[in-house]
Amino acid sequence: MPPDLSINAMPAPRNTRLPGLDRHVSVPGTAQSARISEQGFYMSDDVFLNGRFLPAAEATLSVFDRGFLFGEGIYEVWAVIGHRIVDTDSHLTRLDRSLRECGIPTPPERDTLPAILNDLVRRGGIADGFIYLQITPGAGERDFTATAETRPTLF
Numbered sequence: 799m800p801p802d803l804s805i806n807a808m809p810a811p812r813n814t815r816l817p818g819l820d821r822h823v824s825v826p827g828t829a830q831s832a833r834i835s836e837q838g839f840y841m842s843d844d845v846f847l848n849g850r851f852l853p854a855a856e857a858t859l860s861v862f863d864r865g866f867l868f869g870e871g872i873y874e875v876w877a878v879i880g881h882r883i884v885d886t887d888s889h890l891t892r893l894d895r896s897l898r899e900c901g902i903p904t905p906p907e908r909d910t911l912p913a914i915l916n917d918l919v920r921r922g923g924i925a926d927g928f929i930y931l932q933i934t935p936g937a938g939e940r941d942f943t944a945t946a947e948t949r950p951t952l953f
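The opening residue of the sequence shown carries number 799 in the working numbering; numbering runs sequentially from there.
These aren't lab readings, by the way, just hints derived from the structure by calculation. Relax, there's no trap hidden among the hints.
Distance ranges between label pairs, derived from CB positions: (1) R892 <-> A857: 19 to 29 Å; (2) E939 <-> C900: 12 to 22 Å; (3) I914 <-> F866: 15 to 25 Å; (4) A925 <-> D887: 19 to 29 Å; (5) D894 <-> E939: 19 to 29 Å; (6) P853 <-> P906: 20 to 30 Å; (7) V875 <-> A913: 12 to 22 Å; (8) D894 <-> T858: 20 to 30 Å; (9) P912 <-> L859: 17 to 27 Å; (10) E899 <-> E856: 31 to 41 Å.
Every residue, glycine too, gets a C-beta built ideally from N, C-alpha and C.
Kindly generate the complete structure, drawing on both the sequences and the hints.
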C-alpha cells in the first residue's frame, strides 16, 4: 500500500527512507524539483489553490478563512495507482453530498475537478499515492454562519 501523502505529493521509492526536511531533489521524469519531508516523501513544490497552480511558497490562505477560524470544511482523498486516479465518480458524488450537507457553497472549479486532479498527477509525477482535496467555506466576516457571497477555498 502506498504511503500517506499530502496533495501534490508522490512517494519516495519503495523501501527507501529519505531523511531531511526541505532538502530539494530532482523529481524523476519531470523538470521539477521537490522537497523531501521528514517521512521521506517527495512533496511537489506546486499546489492548486482557488483556481490556479502556483509554487507552494506563494500559496496563502486568509487568517479569516472559516476552515481556520471554526474548523469548517471537508476533504476528499483520491488514490492514485499506476498514474491513474481511482473511482473519481464515487468521490465526486460524496464531495457534492458533503458540500450540500455542510452548507458549503460549491467551488467554481467543481466541474473541472477531474481535469485538475489529472493535472496534479501529471505535474507531480505521481505513480502510486494519494491526492488530498480540502474545501472550506472561505474567508469572510467573522460571524457564526457563513454567507453565500464568500468564495469557498479549494486546496
